[in-house]
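Asks: Sequence:
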Amino acid sequence: MLLIFKLFKGIYGKFLGFFYKFKKFPGAVLSLALVSGLMNLSTAIIGSTALDFFSSIGDTSFLIGIRSFSEGAGYIIKVLIGVMSDIAKQRRLFLLVGYGCVLFIKPLFVLVSFNFFTNYIKSIIYCIAQSSDRILNAARDPARDSLIADWTNKEDRLSAFSFRKFCSSLGSIFGGILVIICLKYTSKYSIIYTIAAIPAFLSVFILYIYVKDNKNDKITEKESWFSIKDLLLDKQSLKYYGIFMLTIFLLNFGKLNEVCLWKISTDIGYSHLNGYLYILYYTIIAFSSYCIACFNVRNNLEIIIFCNLSLFFGNLIISYSNSIFTLLLGIVLYGIYNGIIENIISGMIITIFPKKNMRATLFGIMNTILGMSIFSSFLCVRYLLKSMHLKNIYFISTIPTIGSFIILLFLNKYFK
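Per the numbering used here, the sequence shown starts with residue 2, numbered consecutively.
Source of the hints: derived by calculation from the structure; they are not laboratory data. Using N, Cα and C, we set each Cβ at its ideal position, and we do this for glycine too. What you were told as hints is all true, and nothing was included just to trick you.
PhoX-like, lysine-lysine: derived pairs with alpha carbons at most 25 Å apart:
id, residue 1, residue 2
1, LYS213, LYS155
2, LYS213, LYS25
3, LYS155, LYS25
4, LYS155, LYS90
5, LYS90, LYS213
Across the chosen pairs, the derived CB separations fall in these ranges:
id, residue 1, residue 2, range
6, SER191, GLY28, 32 to 38 Å
7, HIS273, LEU94, 43 to 49 Å
8, ARG383, ILE181, 28 to 34 Å
9, SER324, ILE122, 36 to 42 Å
10, LEU310, LEU104, 35 to 41 Å
11, ASN154, PHE326, 41 to 47 Å
12, ASN116, TYR321, 37 to 43 Å
13, HIS273, LYS189, 15 to 21 Å
Please take these sequences and the hints and turn them into a complete structure.
Replies: Written out as structure tokens, the structure is:
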């Protein structure tokens, strides 16, 4: 409670200070934040309508499985992309490939919205498009986070990561609002998905023109990726990193996909509010990211414990959710978790292993651990859905969050 009080106490005083601060960020960081926001706007338009659209052509539980599988696969691929980025000593190139390939996926969503195919064929095309979109979106992240770290100093990195997350969440908010406006004037998903492709094309254009590698912080030939052999000898850092990754694995194993939230909303009779709940969810993520960007966090352990508790109580409340009030509270807690945890993880990775020639690789390893956690969670959810309600699965998800909480408490000294 003291941590919550400290966070909210300083928001008013630091509000203007934060916006003065972000103006000092390099142009490449500001451009990356804008690119992330535009791409998330495009993704949000498709994501916020996914459950409603897919319910008309197939089983929504299958959509949940595909979404979880593709997110897990995307995270696992990140380690390969990270290693390749460090070996090639390129960031921008992998960003262009990742974002550029997404452009070829967007037309598939438009294609599936027409009545050219049977529902079975539509569901297959939609799942291919959804999986490819999530995997390609995930594959660019190690190079993106490394580029942000390359362009910022140690003191500003957490704020820069949080600012990027803040802009991404704003894109999701505006995407959700745009969907609500569009649905008031048309029920044709072909029009909505065509609109979704526009910001995606614009984001790639901005990336190509304004985002460059930091030549002053460029990885030299002497600083080859194979210095990982030296890092393996740093037992203290490896122990720190291992404990950190184990904790994050357990935390994310207890986090269900956001599509599950809209499924719960539909099951208890509030499907007509899914669009508004989507906007609320990403508003909370944006606000949480903003809070972290405002403060120079000194004790990352306290923040991680706070995220742990948010996820635990979020799962617990949703598992007993029978009213709009309890559902809203669960969504708020989930939003707080997702708005903070990614920024803290990214900032801590640089602290554990500060060598710039390993940044993308370490970000990739981190995300692979997250992917393994999400993929394991996906397999469990798919199995449990055969015999129990989704609410019961949320209750079971509190178990790994309790495990991560216990580990954090006993290993306090490693996170200081």
